[in-house]
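Trainee: Letter by letter, the chains look like this.
Protein chains: 2
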Amino acid sequence: MAASYNICLDIGGTKILGAIFDSKKNIVYRLKKKTKADGDDQQNVEETIISVVSEMIKEFGIKNSQIKAIAAGAPGVIDQENGIVLTSPNLPWENYDIRKPIESKFGAPFYIGNDVNVGVLGEYKYGAGKGYKNIVGLFVGTGMGGGLILDGKLYTGHGFKGAEYGHMILVPDGPKCNCGQRGCLEALSSKQGMSDYIRQQVARGRESMMADGVKDGVFKSKLLKKSLEAKDPVAVEAVSRACYYLAIASGNLVNTFSPEIVIYGGGVIEACGDYFLDRIVADVDRYCMPSIRKSVEFKTAALGDDSILYGALSMILDKK
Amino acid sequence: MAASYNICLDIGGTKILGAIFDSKKNIVYRLKKKTKADGDDQQNVEETIISVVSEMIKEFGIKNSQIKAIAAGAPGVIDQENGIVLTSPNLPWENYDIRKPIESKFGAPFYIGNDVNVGVLGEYKYGAGKGYKNIVGLFVGTGMGGGLILDGKLYTGHGFKGAEYGHMILVPDGPKCNCGQRGCLEALSSKQGMSDYIRQQVARGRESMMADGVKDGVFKSKLLKKSLEAKDPVAVEAVSRACYYLAIASGNLVNTFSPEIVIYGGGVIEACGDYFLDRIVADVDRYCMPSIRKSVEFKTAALGDDSILYGALSMILDKK
Numbered sequence: 001m002a003a004s005y006n007i008c009l010d011i012g013g014t015k016i017l018g019a020i021f022d023s024k025k026n027i028v029y030r031l032k033k034k035t036k037a038d039g040d041d042q043q044n045v046e047e048t049i050i051s052v053v054s055e056m057i058k059e060f061g062i063k064n065s066q067i068k069a070i071a072a073g074a075p076g077v078i079d080q081e082n083g084i085v086l087t088s089p090n091l092p093w094e095n096y097d098i099r100k101p102i103e104s105k106f107g108a109p110f111y112i113g114n115d116v117n118v119g120v121l122g123e124y125k126y127g128a129g130k131g132y133k134n135i136v137g138l139f140v141g142t143g144m145g146g147g148l149i150l151d152g153k154l155y156t157g158h159g160f161k162g163a164e165y166g167h168m169i170l171v172p173d174g175p176k177c178n179c180g181q182r183g184c185l186e187a188l189s190s191k192q193g194m195s196d197y198i199r200q201q202v203a204r205g206r207e208s209m210m211a212d213g214v215k216d217g218v219f220k221s222k223l224l225k226k227s228l229e230a231k232d233p234v235a236v237e238a239v240s241r242a243c244y245y246l247a248i249a250s251g252n253l254v255n256t257f258s259p260e261i262v263i264y265g266g267g268v269i270e271a272c273g274d275y276f277l278d279r280i281v282a283d284v285d286r287y288c289m290p291s292i293r294k295s296v297e298f299k300t301a302a303l304g305d306d307s308i309l310y311g312a313l314s315m316i317l318d319k320k
Numbered sequence: 321m322a323a324s325y326n327i328c329l330d331i332g333g334t335k336i337l338g339a340i341f342d343s344k345k346n347i348v349y350r351l352k353k354k355t356k357a358d359g360d361d362q363q364n365v366e367e368t369i370i371s372v373v374s375e376m377i378k379e380f381g382i383k384n385s386q387i388k389a390i391a392a393g394a395p396g397v398i399d400q401e402n403g404i405v406l407t408s409p410n411l412p413w414e415n416y417d418i419r420k421p422i423e424s425k426f427g428a429p430f431y432i433g434n435d436v437n438v439g440v441l442g443e444y445k446y447g448a449g450k451g452y453k454n455i456v457g458l459f460v461g462t463g464m465g466g467g468l469i470l471d472g473k474l475y476t477g478h479g480f481k482g483a484e485y486g487h488m489i490l491v492p493d494g495p496k497c498n499c500g501q502r503g504c505l506e507a508l509s510s511k512q513g514m515s516d517y518i519r520q521q522v523a524r525g526r527e528s529m530m531a532d533g534v535k536d537g538v539f540k541s542k543l544l545k546k547s548l549e550a551k552d553p554v555a556v557e558a559v560s561r562a563c564y565y566l567a568i569a570s571g572n573l574v575n576t577f578s579p580e581i582v583i584y585g586g587g588v589i590e591a592c593g594d595y596f597l598d599r600i601v602a603d604v605d606r607y608c609m610p611s612i613r614k615s616v617e618f619k620t621a622a623l624g625d626d627s628i629l630y631g632a633l634s635m636i637l638d639k640k
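Protein chains in written order, with the numbering used here: chain A, 1 to 320; chain B, 321 to 640.
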C-alpha cells in the first residue's frame, strides 16, 4: 500500500504556505505562493487553495488517494466545527463553506480554523507550549492576534469569536486602531501601531532607517531587525513603547488566566523575538499579581513560521 | 427514613452566611454570624464554622446523620479539588486543610472554593447565567472579584489563581491598589477605589453625604444607594468614574472571552445594580468589538446575596 500524507496550509492575506507531512509528522515538502485575494470573488481564494494543493501533490508525486486529510489556518472568525469562514478581515469571505469544495475536489477531509488559534495549537502540541495545560498566545504581526489553550483545550468562545485581546484597550482615547476604537493593544504594539509611531516621528523631521519602509504602510520585520541591530533611535523607541504595552497586556492576561506560559509569536517575534521578550519580561513583574507571576513562563514561539502548519496538523490528528 | 439536607456557607472576612437546603433546593433555614478572624489563629475560623454549622443543625432540629454534604465559598486562593485554602487575603489561613476537621466533626463530605468563583457558579446553575456556556462574572465589593464559566465549566487556571482581572491595569501609574500595583480595575471601581476618590474630594473641602462613611475605610453599600438617590454630587461622580472603568474592563473581557453574558454581582451591585448596569451598558459598545458585542448580554446577578450559597450547593450536587 502506498504511503499516505497530511497536507497543511497557512492561508494569509497575501500568501499561502503549504506543507506535506508524512506519517511521522515530518515536513517532506513545502510550497509558498501568493494569494490572489483581489476583488470580491470568493472562488478566487478557493481556486488558489485548490491550485496550491494540486501543485503540491503533483510536485511531490503522490495521488489524491494518498491524502489522509487537509487542514488550514486562515485569518478571521471561523466556525471550525463546520469548516465555515464566518468573516475574514483580509479575505473576501463571509459565511463561506470552504470545506465542501475542497473535500469534493480531493476526496479527503478538510479542517480549518483561525490562524492564530491554529498557531497556538501548534505551539501547544509541538512547540513552546508542550506539556502545559493553560497557554496564552500573543501573535505580533500587522495586527495583534490571540489564541488560548485552557484546561488543555483550544478556547474559542461563543461564536468562535474569543481571544480578541489584541483589542484590549490600554489607553482610553489613545491612538486609533483599525477596529475603529482607540488605544487597543493592536494600535500600540503591532506592526501597524509601531509603523504609525515611526511615521509620526519621521513627519516631525526625525531621521530613521525605517522612514521608507513605513511610507506606504507597515514595515517588513526584517527591516525592523536591521534597524534594531543598528540602534536606530526611532526604531528603538517604537519597540520600547510597543513592549511597554505588551508587558501591561501580558500582566493583565496572566492575572486573568493564571496560565503556565505566555507564548509570543508572529512575524515580528520570528524576526526580533529575543529583543522583544527581554523587554517584556523586564517589565512584566510590575503588572502581574506576584503570586501568579511565580508560576508563569514567558517564551517566544518555538516553531516560528511553522506554528500554523503544525497546528493544522494537530487539528487533523486530534480528529481521530 | 429521616429527610437529608445540604448545608452551604458563605464565609467572609467579617461574617458567615449559612443556609440549609432541602432536597428540592429550597433554603429551609438561614443563619448569619460574625467571623472571629482576629489574631493569627487558623482554628479560630474553623471553630466558628463548626459552631455555625452546629448551631444551624441544632436550631433547625436535625442530626449529623441527616447532613448529606457541607460546602462553602471563602475569599482567597483555594485548591477546591483538595479542600485546601492556599492563601486568603482577609482570613488567617495559609496552605490550610480545612476539609479534614470539618469532615471529621460532622461525618459528611465538605467542599470549598473561592467565593467569587462559587458565586459565579451559583449564577450559572440557578441565576442570571442559566443556560449559557461562557460567563464572565465581575463582583464589585470592597475588592473586585472575578469568576469564569468557560465551555460550561468553572475555569480556575493554573494553581487555582485565575480570574484575577480585578487587577487588570487600565491606567498605568493610576491610583494605588491594595495589591501593590497602580491603576488596577480594583483601585478604580471597587468600594475601596470609590471610597478613596470620595475621601480625596472631601479632603479638598467638598461636601458629601458619604464623608463620614468613608472616614475610616470603605462605605457601606446602603449609604451609597441613599447618596445616589439623593444625587449627592461626589457620590454620583465616584460612581460615574467607577462605571467608566468597569465599561472598559468589560469590553476588554468581552473581546477576550466572547462570552454569552457578563454578570455583575457583589454587595455594591446588590444595592445599586441598575444604576451601575445602565451606566456600564451605555458605554460598553465603545469598548467591545462590534461583532462580539452583538452576541453578549450584560446583567446583574439574579441571586443577590445568595449567589455563593447556591454556588456551594451546586459544588455538592455536581460531585454526584
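Calculated from the structure, these hints are not laboratory results. Because the structure is a prediction, the values reported are computed rather than measured. We put the beta carbon where it would ideally sit given N, CA and C, even for glycine. A few of these clues could be false.
Facing chain A, a subset of chain B residues (Cβ under 8 Å, in silico) [to be verified]:
| hint | residue |
| --- | --- |
| 1 | Ser343 |
| 2 | Asn346 |
| 3 | Tyr349 |
| 4 | Pro409 |
| 5 | Leu470 |
| 6 | Gly472 |
| 7 | Gly477 |
| 8 | Gly482 |
| 9 | Ala483 |
| 10 | Met488 |
| 11 | Ile489 |
| 12 | Ser578 |
| 13 | Pro579 |
| 14 | Met609 |
| 15 | Ser611 |
Trainee: Confirm or reject each hint.
Mentor: To see whether the hints hold, each was checked on the structure:
Hint status for B/Ser343: violated, given a least beta-carbon distance of 31 Å to chain A, over 8 Å. Annotation: interface hint on B/Asn346 violated; nearest CB of chain A at approximately 32 Å, more than 8 Å. Interface restraint check: B/Tyr349 against chain A, minimum CB-CB distance 36 Å, threshold 8 Å, status violated. Interface restraint check: B/Pro409 against chain A, minimum CB-CB distance 11 Å, threshold 8 Å, status violated.
Checking B/Leu470 against chain A by beta carbon gives a least distance of about 6 Å; that is within 8 Å, so the hint holds. Interface hint status for B/Gly472: violated, as the beta-carbon distance to the closest one in chain A is roughly 11 Å, over 8 Å. For B/Gly477, the suggested interface contact is upheld, since its CB lies about 3 Å from the closest CB of chain A, less than 8 Å. Hint on B/Gly482 holds. Least Cβ distance to chain A is approximately 4 Å, under the 8 Å limit.
Using the Cβ-Cβ criterion of 8 Å, the hint placing B/Ala483 at the interface with chain A is satisfied: the shortest such distance is roughly 7 Å. At about 4 Å, the closest approach between the beta carbon of B/Met488 and any beta carbon in chain A falls short of 8 Å, and the interface hint on this residue holds. Taken as an interface hint, B/Ile489 checks out: its beta carbon lies about 5 Å from the nearest beta carbon of chain A, inside 8 Å. The closest approach between the C-beta of B/Ser578 and any C-beta of chain A is roughly 3 Å, which is under the 8 Å cut-off, so the hint is satisfied.
A distance limit of 8 Å between C-beta atoms decides the matter here; for B/Pro579 the minimum to chain A is near 6 Å, and the interface restraint holds. With a least beta-carbon distance of about 5 Å to chain A, the hint placing B/Met609 at the interface is held under the 8 Å criterion. Proximity of B/Ser611 to chain A holds as hinted, the smallest CB-CB distance being about 6 Å (cut-off 8 Å).
Comparing the model with each numbered hint stated earlier shows that hints 1, 2, 3, 4 and 6 do not hold.
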